[in-house]
Amino acid sequence: MASLTGSAVSVSAPVMRRIKATNGASSLNSVSFFGQKRSFSSSARLSISCAAKQETVDKVCEIVRKQLAIAGDTPVTGESKFSELGADSLDTVEIVMGLEESFDISVDESSAQEIATVKDAAEMIDKLIACK
Amino acid sequence: MAYRVALRPELFLSFSSPPSKNNSGRRMAPIRVSMAATVDTKVETQKKPFSPPREVHVQVTHSMPPQKIEMFKSLESWAETNILPLLKPVEKCWQPQDFLPEPSSDEFYDEIKEIRLRAKEIPDDYYVCLVGDMITEEALPTYQTMLNTLDGVRDETGASLTSWAIWTRAWTAEENRHGDLLNKYLYLSGRVDMKMIEKTIQYLIGSGMDPRTENNPYLGFIYTSFQERATFISHGNTARHAKEYGDLKLAQLCGMIAADEKRHETAYTKITEKLFELDPDGTILALEDMMRKKISMPAHLMYDGVDDNLFEHFSMVAQRLGVYTAKDYADILDFLVARWKVGDLTGLSGEGAKAQEYVCTLAARIRRLEERAQSRASKERRNKAFSWIYGREVQLK
Chain C
502 MASLTGSAVS
512 VSAPVMRRIK
522 ATNGASSLNS
532 VSFFGQKRSF
542 SSSARLSISC
552 AAKQETVDKV
562 CEIVRKQLAI
572 AGDTPVTGES
582 KFSELGADSL
592 DTVEIVMGLE
602 ESFDISVDES
612 SAQEIATVKD
622 AAEMIDKLIA
632 CK
Chain B
262 MAYRVALRPE
272 LFLSFSSPPS
282 KNNSGRRMAP
292 IRVSMAATVD
302 TKVETQKKPF
312 SPPREVHVQV
322 THSMPPQKIE
332 MFKSLESWAE
342 TNILPLLKPV
352 EKCWQPQDFL
362 PEPSSDEFYD
372 EIKEIRLRAK
382 EIPDDYYVCL
392 VGDMITEEAL
402 PTYQTMLNTL
412 DGVRDETGAS
422 LTSWAIWTRA
432 WTAEENRHGD
442 LLNKYLYLSG
452 RVDMKMIEKT
462 IQYLIGSGMD
472 PRTENNPYLG
482 FIYTSFQERA
492 TFISHGNTAR
502 HAKEYGDLKL
512 AQLCGMIAAD
522 EKRHETAYTK
532 ITEKLFELDP
542 DGTILALEDM
552 MRKKISMPAH
562 LMYDGVDDNL
572 FEHFSMVAQR
582 LGVYTAKDYA
592 DILDFLVARW
602 KVGDLTGLSG
612 EGAKAQEYVC
622 TLAARIRRLE
632 ERAQSRASKE
642 RRNKAFSWIY
652 GREVQLK
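Residue numbers (the working numbering), protein chains in the order written: chain C, 502 to 633; chain B, 262 to 658.
One thing to keep in mind: the hints can contain errors.
Incomplete in silico selection of chain C near chain B, CB under 8 Å [claimed, not checked]:
id : residue
1  : Ile571
2  : Leu586
3  : Asp589
4  : Leu591
5  : Glu595
Taking lysine to any residue pairs in the SDA-like style, the calculated list, with each CA pair at most 25 Å apart, reads [unchecked claim]:
id : chain 1 : residue 1 : chain 2 : residue 2
6  : B       : Lys640    : C       : Glu602
7  : B       : Lys658    : C       : Gln614
8  : C       : Lys567    : B       : Arg553
9  : C       : Lys582    : B       : Arg377
10 : B       : Lys615    : C       : Lys628
11 : B       : Lys615    : C       : Ile606
12 : C       : Lys567    : B       : Ala614
13 : B       : Lys615    : C       : Asp589
14 : B       : Lys615    : C       : Gln614
15 : C       : Lys628    : B       : Arg633
16 : C       : Lys567    : B       : Arg377
17 : B       : Lys588    : C       : Leu591
18 : C       : Lys567    : B       : Gly611
19 : B       : Lys658    : C       : Lys628
20 : B       : Lys588    : C       : Met598
21 : C       : Lys582    : B       : Met552
22 : B       : Lys658    : C       : Thr578
23 : B       : Lys640    : C       : Ile606
24 : B       : Lys554    : C       : Ser607
25 : B       : Lys523    : B       : Glu337
26 : B       : Lys504    : B       : Arg377
27 : C       : Lys582    : B       : His318
28 : B       : Lys588    : C       : Ser590
29 : C       : Lys567    : B       : Lys554
For the record, the hints were derived by calculation from the structure and aren't laboratory data.
By construction, the Cβ of each residue, glycine as well, lies at the ideal position given by its N, Cα and C atoms.
Just need the whole structure built from these sequences, with the hints factored in.
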């Protein structure tokens with residue numbers, strides 16, 4: 502089950518991000534989900550269609566804010582991109598490490614690669630927790 | 262992508278940015294390439310066959326403000342007194358022949374036989390490391406070039422009499438013996454495919470390298486300080502291993518090379534120490550810059566016409582054997598921070614203080630990253646064939 506979800510994450514994420522890049526609108530998420538739905542089994546479909554919980558997003562924002570020492574008046578939201586917040590490759594790994602510790606999950610390298618925004622991280626975390 | 266590299270510390274620490282084979286950066290995200298092919302109608306263009314890697318980053322030039330060039334001119338007499346004495350007079354230098362069979366002697370053939378007998382006792386993975394080191398040394402033209410890209414200290418004519426130019430030529434001459442010695446030894450050993458090695462060297466010199474020193478001697482001397490220590494550690498380790506394998510002659514020659522590198526490290530760290538004294542703010546910013554960009558290894562563009570990830574594979578073997586590791590990278594940084602008393606710097610600007618903080622805490626972060634990667638590394642063994650050893654396989658991890 503975990504491996505199926507894992508592969509689902511790594512397959513869906515690049516498609517999501519590619520579409521995001523060309524259109525810049527995150528609402529296309531749902532379009533890409535449905536577009537890909539045909540190729541997945543029903544159990545994978547269930548885990549993909551959940552968006553991140555606000556609680557998770559908030560916790561991720563907090564961790565990111567701490568890691569990158571972001572000033573209180575600078576906004577950090579689900580849409581925030583790690584690179585735009587000033588994270589270098591070392592920061593990104595440390596953020597993932599912080600998320601692992603905080604949520605008691607284990608992130609594999611290929612999933613970690615696909616994380617570009619706070620929302621990406623939160624969605625991945627929720628999926629991993631659901632699979633535990 | 263840099264993040265993925267970061268989870269594999271030997272890559273994180275080996276590359277400033279991953280080399281690309283074509284403009285689309287094929288190597289950077291293979292997963293995305295295949296997804297694009299299946300979902301989109303556009304297909305990734307095939308990379309050209311047998312093309313060596315190229316630097317991917319934008320190549321920045323002349324980042325040092327021109328007024329600082331004057332400072333280096335005014336340091337010429339200081340360099341003459343403090344740096345040139347660290348060169349060894351040619352008459353006092355060892356030459357490769359000192360460690361090789363004497364051609365005019367009757368014992369020549371027997372001495373070669375001895376080398377080959379001892380060499381048989383040494384495993385392939387050691388040779389992969391030694392060959393990688395030798396190829397690095399043989400790309401010397403690239404390093405002399407790199408030193409001569411630096412503003413304020415370059416050899417303007419090829420025979421300039423400034424202290425800096427004298428240093429650069431003499432340094433090059435000393436280093437030249439390293440490649441020569443390793444080349445002849447490896448040739449005689451009978452353990453390695455010289456043609457593939459020679460091909461790799463030709464590709465590498467053709468590729469060159471951009472360590473991102475931007476014609477800036479602050480960045481340049483920080484880079485060389487780091488590199489000389491790295492190479493001192495690396496050759497020191499190959500010397501130690503050779504001794505363990507019972508080849509005392511090989512151990513001795515690696516040791517002599519390591520001793521040279523140590524002396525060169527002393528010179529470059531001394532120059533940088535002087536820069537910290539004269540311009541602490543500028544120098545700490547330079548150190549931060551080089552560490553953020555990461556110290557890329559000189560041979561990171563190596564290619565043998567066969568393996569597209571040759572440097573990555575070589576690095577993994579060096580990591581596994583303990584010849585040069587991610588831990589060494591962190592240790593070198595610690596050493597330099599202590600050597601230059603970075604923690605004690607005062608009177609820094611706001612940016613300078615931030616840079617000081619970054620540099621002083623970086624080694625610990627790298628170690629933590631490395632520890633985590635080690636504990637989570639899959640225990641699954643992975644082998645790879647190397648053309649340098651006739652296609653025989655060695656263990657990568």
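The hints, checked one at a time:
| no. | hint | result |
| --- | --- | --- |
| 1 | Ile571 | violated, 14 Å |
| 2 | Leu586 | violated, 14 Å |
| 3 | Asp589 | holds, 7 Å |
| 4 | Leu591 | holds, 6 Å |
| 5 | Glu595 | holds, 7 Å |
| 6 | B:Lys640 <-> C:Glu602 | holds, 22 Å |
| 7 | B:Lys658 <-> C:Gln614 | holds, 22 Å |
| 8 | C:Lys567 <-> B:Arg553 | holds, 20 Å |
| 9 | C:Lys582 <-> B:Arg377 | violated, 58 Å |
| 10 | B:Lys615 <-> C:Lys628 | violated, 38 Å |
| 11 | B:Lys615 <-> C:Ile606 | violated, 33 Å |
| 12 | C:Lys567 <-> B:Ala614 | holds, 20 Å |
| 13 | B:Lys615 <-> C:Asp589 | holds, 15 Å |
| 14 | B:Lys615 <-> C:Gln614 | violated, 28 Å |
| 15 | C:Lys628 <-> B:Arg633 | holds, 23 Å |
| 16 | C:Lys567 <-> B:Arg377 | violated, 59 Å |
| 17 | B:Lys588 <-> C:Leu591 | holds, 15 Å |
| 18 | C:Lys567 <-> B:Gly611 | holds, 20 Å |
| 19 | B:Lys658 <-> C:Lys628 | violated, 31 Å |
| 20 | B:Lys588 <-> C:Met598 | holds, 19 Å |
| 21 | C:Lys582 <-> B:Met552 | holds, 23 Å |
| 22 | B:Lys658 <-> C:Thr578 | violated, 40 Å |
| 23 | B:Lys640 <-> C:Ile606 | holds, 20 Å |
| 24 | B:Lys554 <-> C:Ser607 | violated, 28 Å |
| 25 | B:Lys523 <-> B:Glu337 | holds, 23 Å |
| 26 | B:Lys504 <-> B:Arg377 | holds, 16 Å |
| 27 | C:Lys582 <-> B:His318 | holds, 21 Å |
| 28 | B:Lys588 <-> C:Ser590 | holds, 18 Å |
| 29 | C:Lys567 <-> B:Lys554 | holds, 23 Å |
Comparing the model with each earlier hint shows violations of hints 1, 2, 9, 10, 11, 14, 16, 19, 22 and 24; every other hint is respected.
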